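**Q** Protein chains in written order, with this note's numbering: chain L, 11 to 395; chain H, 31 to 316.
Simulated from the structure, these hints should not be mistaken for laboratory data.
Since the model is a prediction, treat every value here as computed from it, not as a measurement.
Each residue gets a CB set at the ideal place from its N, CA and C atoms; glycine is no exception.
One-sided excerpt, in silico: chain H residues whose CB lies under 10 Å from chain L:
1) 128
2) 131
3) 132
4) 136
5) 139
6) 184
7) 191
8) 194
9) 238
10) 243
11) 244
12) 248
13) 274
14) 286
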Amino acid sequence: MKLLEYQAKEVLASLGIPIPPGTVAHNPDEAAAAFARLGPVAVKAQVPVGGRGKAGGIKLAKTEAEARAAAQGIIGMDIKGYKVHLVYCEAALEIQREVYVGFTVDRDARANILLLSAKGGMDIEQVAEESPEAIARLYPNPWRGPLDFELAQLVYDTGLGDLARPLIATMKKLYRAIPEYDALIAEINPLVLTKNGDVIAGDAKLEIDDNAAWRHKDLEDRYGSVLEGDPYEVEAKKRHLTYVSLDGDIGIIGNGAGLCMSTLDLVERAGGRAANFCDIGGGAKAEVVENALAVILMNPRVKGVLINVFGGITRGDEVAKGIVTARDNLNMKLPLVVRMSGTREEEGREILRRNGIEPGASAWEAARKIVELTKVGAGRAQSAI
Amino acid sequence: MSILLDSTTKVIVQGITGREGSFHTEQMQAIGTAVVGGTSPGKGGTTQFGVPVFNTVADAVEATSANASGIFVPAPFAADAIMEAAAAGITLIVCITEGIPIQDMIRVKDFLRGYPQARLIGANCPGLITPGQAKIGIIPQRITTPGFVGMVSRSGTLTYEVGSALSAAGMGQSTIVGIGGDPVLGMAFSDVVELFEKDPATTHLVLIGEIGGSDEEHAAELLAGGSRLKAVAFISGRTAPEGKRMGHAGAIISGNRGTARSKEEAFRKAGVAVAETTDEIVELLR
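Chain L extracted, bound-state conformation (with noise of 0.2 Å):
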């Protein structure tokens, strides 16, 4: 779970690191209400990715009607595939210096790394890639988190010596965003050392993992509703699918991440597109088959579905009958492919021929099938390969 920037705050907030005075507006008016209170303030667009700014979704605004006017714009737009439902209006800093701080998970070492840097403001991987010495690294214990001397060398290695306390400070209640909420990304970029003398958060990331959800359901509660985006991944969130939107038109059902991934490439390497990644899991059960067939129909653009279930244990025959009910229940009439293999197979397929699916046991010819099937349009062909 990526939380917005104002969440992002609040949490940053409650382990005790300052933020700017902000507010959150929905629309002009919330906006020109937050400018009154605040004064200047910066408007910034509410989205799960960087880059905002380049996207003209922040705005200062030294008037009211400059807040109204930004809110107007930034509300509405599409930054990388998200549409602004709501910015945040935060008191302007006057930035004296930009620091960089922050957390993440390094995979190749199967650990925490903490990454300091001088360079503030800036993309942290340009930064990587252009002055790599500008970064100072720490693998923190993952049992005792790190300690004040090991954040010390951090502050001195940057020639940051002259803000050694308020960073050790902030870097060490940053550090609490991993063992209390799980998280994988806690970001501070910029952090600002303000002509007061205040060190602050600028903007804040944090990626919480979905792995860990269940220990911290009070983020889930506070902000799950907040971060509906696609719609059909928020009605997979709720069905229990492992669903990702695409941006093409053919349907994709699999078991196992891996087989739905290689599905997905043979669907484009057949010369389709596919509208979505859907993994059912092994076990490839009725209701599941059905949930997630009624997922991927809701999105108009979808003209045909494959589906593609490699059984280990996994009975054909069961996995016949649940995708004919499936279809049958949601009355489907687009094309439909189904590629099967496992216990019982024959069964299996000889159940999907006796209802009008001609199934077939190569996943790269079930491909080619959907992609010709819904090239031409061809509605109701279900008879696959």
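Place chain H on chain L using the hints.
**A** Structure of chain H alone, referenced to chain L:
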């Protein structure tokens, strides 16, 4: 011959009385795996499928001299189960459980540094099988035949699919290792490849990777240093978009890192054949 596991490996099942644990214990026994016991806190002293159940792994190891463990406990308890196994002296720990929080696994990896003899496979993996001898995990025996191909994979069902195709083509497998789809894993591709390299029974190698991380690239580096194995690699997720987790927690392209292209290029540079589809794997391996 094989790597990591054979018919003499003494296996316990952590979570042997649970739904998954009990189902797969029977499957493991059915193909001849030497399951010597299991654990289930509070059920010590009972028997399940003809083997004794213990409260703790330490008790099980003391009584049975088990040296390997398959973990089938729910995600909230899995990290502790892995550490318990290592502390009890288990040297091959196979964690099937899906959905373990990444921070739990980071702490596990740190803990395991204190137990260098313990090897962890997974989590979120199908486990491993030495066809005709034994398995720990959930890989179906029916897709395998004994032979000379070493397989290592981040995917479950894709492994079954490829194993099945290899078996149908008369290319049996020495050992199949599913290392799992999480971002913070036990054994990496390169760790498993090193073992296959030393196994005289293994002459061919199939690597099934996917987007995310750079473990495939590290394995390619290792193979570039010179290998006696005839190797083929396949990467799924060529068409996956940036920034989206594709089912596996670890299957995500971050910026320009972790792409299928980068992995395929690394393998090609290392002289490893890259299959564009799973069907091609068999052809390229011949």
